[in-house]
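Let chain D serve as the given structure and place chain P on it in line with the hints.
Number of protein chains: 2
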Amino acid sequence: MTYCVGLFLQEGLVMLADTRTNAGVDHISTFSKMFTVTAPGERMLCLLSAGNLAITQSAWNRLQDGVFLDQRKQTLLNVTNMFEAARLVGEAIRDVYRADAAMLSAQNIGFDVSVMVGGQIAGGPMRLYLVYAAGNFIEATPDNPFLQIGEHKYGKPVLDRGVRHDTSIDQGIKLVLVSMDSTIRSNLTCGLPLDLLVYREGTHDIALQRRIVEEDPYLRTVRVGWEESLRAAWLGIPSPDWEYVQQQKTTSEKESAA
Amino acid sequence: MTYCVGLFLQEGLVMLADTRTNAGVDHISTFSKMFTVTAPGERMLCLLSAGNLAITQSAWNRLQDGVFLDQRKQTLLNVTNMFEAARLVGEAIRDVYRADAAMLSAQNIGFDVSVMVGGQIAGGPMRLYLVYAAGNFIEATPDNPFLQIGEHKYGKPVLDRGVRHDTSIDQGIKLVLVSMDSTIRSNLTCGLPLDLLVYREGTHDIALQRRIVEEDPYLRTVRVGWEESLRAAWLGIPSPDWEYVQQQKTTSEKESAA
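Those sequence lines, one after another, are chains D and P. With the numbering used here as the guide, the letters of the first sequence map in order to residues 1 to 258. With the numbering used here as the guide, the letters of the second sequence map in order to residues 1001 to 1258.
Only chain D is shown next, with the shape it has when bound in the complex:
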């Protein structure tokens, strides 16, 4: 499994992916699920992928070689806008489907893939898409400023509560790291290191791309800070004044303080 998250913020994009790939719990590897295509000053695109590794690698290779869209062979370096970029990624996935799906199906393996495509091409707005296995896609909007693929449930509550379109990039980085940390703690199939990319709207270039390892001091700051804050949070919420709990309050408070 995989967990990838992308934030669509006023200031720009924050995209984060884990790197764990597994074929059963006894076959775990590290593969980057983040791919970038840039022509600095003109375009910046970042792709995050989840699903069957053979499918995502095949789609990525096809994208680099060129995929037919509107009767022309195109790449992410020459599509003219982000909508075309998302369509091209969809076509690449459809090409893989046409090549491999029948044999996968014959062996009872689902055609499992999803790709996030974020970025900006000069002359157009910054956009963030989620392309499905069928090659169709949805787009993040100010009302729905984040997208997730893969093992998304554990890390969703913190995003539901914290991310708005006007959230700053700094806050966004913390939130995706907490969301990822929650997922990694709860599910063995997602793991470190992480790949983080930050894009600032209007710049058409990568602002920050960083491989975050277990020992990363900032990851530790976020983990410890979050852990301590949560502990303070639930100690800080008053206890219920329901009859039973009232009677026990003295004991409980003593234990909480201990």
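I should point out that these hints are in silico values taken from the structure, not numbers from a laboratory. Backbone N, C-alpha and C fix where the C-beta goes; we use that ideal spot for every residue, glycine too. Incorrect hints may appear among the rest.
[Unchecked claim] Beta-carbon label-pair distances, calculated as ranges: (1) D/S105 - P/S1105: 42 to 48 Å; (2) P/P1142 - D/T141: 43 to 49 Å; (3) D/S105 - P/N1081: 46 to 52 Å; (4) P/H1027 - D/T30: 40 to 46 Å; (5) P/E1201 - D/S105: 52 to 58 Å; (6) D/R211 - P/Q1057: 48 to 54 Å; (7) P/V1213 - D/T141: 30 to 36 Å; (8) P/E1201 - D/P238: 22 to 28 Å; (9) D/A232 - P/Q1107: 50 to 56 Å; (10) D/S105 - P/H1027: 31 to 37 Å; (11) P/P1040 - D/D241: 21 to 27 Å; (12) D/S105 - P/N1144: 34 to 40 Å.
[Stated by the list, open to error] Covered by chain P, per the in silico footprint, the following chain D stretches (three or more residues, Cβ under 8 Å): (13) 110-118; (14) 174-180; (15) 219-227; (16) 230-236.
[Said to hold, decoys possible] Covered stretches of chain P (in silico footprint by chain D; criterion: 3 or more residues with CB under 8 Å from a CB of chain D, positions within the stretch not fixed): (17) 1071-1078; (18) 1150-1162; (19) 1208-1219; (20) 1222-1234.
Showing chain P alone in chain D's frame:
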């Protein structure tokens, strides 16, 4: 879907269930998923159920009528210890399987059910079990002091971080309410009102049983307190000192403070 959680704490048990039942998003109803059996001073058992409503209701009815275990018809009022209680619940589920599974399978409906069984019977220890659709079961332990059934992923991170065997009941109530609130916000198929039960170890009686509705003042206290604490938490974590973010810090801090 459903979300139920049970905490196995030194002080006692905290058990919480939502009440939403749905057959498609256009057929939503409220059904209690909490069942209690008590002989005050001698035994207290609490069951929480998830899965196909027809299966759980059938199992519960069979339990009330009596189910054959060790060649004798028994109920939760006369089994002699908690291990037998869990076995009896398993047998009730197996009886439903024998009666209904073939026809369900013919109509492509899975045999989907799980039941949590917590409580204490005089002469034995307090225990908390999770009974599977096959009628077998696992038990909570001091190392693994909580069990969940149904839509468990959204609400798991807060329990992973917060619940230990020596957590007080007061803290436990807050944690299960936050865990449930996270689930309800992220998944439409879980909904209010909630059923909460508290059992204090050694008492063989219900300490608190409460139907928690949308307007419940304490639920609101927990929701608002948690929301505010989280906001404070991620504002409190320092921003990364990575080169890019350093440059933007002034802007971001202004926005955070605004």
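Now the hints, each set against the structure:
{"no.": "1", "hint": "D/S105 - P/S1105: 42 to 48 Å", "verdict": "violated (23 Å)"}
{"no.": "2", "hint": "P/P1142 - D/T141: 43 to 49 Å", "verdict": "holds (47 Å)"}
{"no.": "3", "hint": "D/S105 - P/N1081: 46 to 52 Å", "verdict": "holds (50 Å)"}
{"no.": "4", "hint": "P/H1027 - D/T30: 40 to 46 Å", "verdict": "holds (45 Å)"}
{"no.": "5", "hint": "P/E1201 - D/S105: 52 to 58 Å", "verdict": "holds (54 Å)"}
{"no.": "6", "hint": "D/R211 - P/Q1057: 48 to 54 Å", "verdict": "holds (53 Å)"}
{"no.": "7", "hint": "P/V1213 - D/T141: 30 to 36 Å", "verdict": "holds (33 Å)"}
{"no.": "8", "hint": "P/E1201 - D/P238: 22 to 28 Å", "verdict": "holds (24 Å)"}
{"no.": "9", "hint": "D/A232 - P/Q1107: 50 to 56 Å", "verdict": "holds (52 Å)"}
{"no.": "10", "hint": "D/S105 - P/H1027: 31 to 37 Å", "verdict": "holds (33 Å)"}
{"no.": "11", "hint": "P/P1040 - D/D241: 21 to 27 Å", "verdict": "holds (24 Å)"}
{"no.": "12", "hint": "D/S105 - P/N1144: 34 to 40 Å", "verdict": "holds (39 Å)"}
{"no.": "13", "hint": "110-118", "verdict": "violated (count 0)"}
{"no.": "14", "hint": "174-180", "verdict": "holds (count 3)"}
{"no.": "15", "hint": "219-227", "verdict": "holds (count 5)"}
{"no.": "16", "hint": "230-236", "verdict": "holds (count 7)"}
{"no.": "17", "hint": "1071-1078", "verdict": "violated (count 0)"}
{"no.": "18", "hint": "1150-1162", "verdict": "holds (count 9)"}
{"no.": "19", "hint": "1208-1219", "verdict": "holds (count 3)"}
{"no.": "20", "hint": "1222-1234", "verdict": "holds (count 10)"}
This entry does not satisfy hints 1, 13 and 17, going by the numbered hints stated previously.
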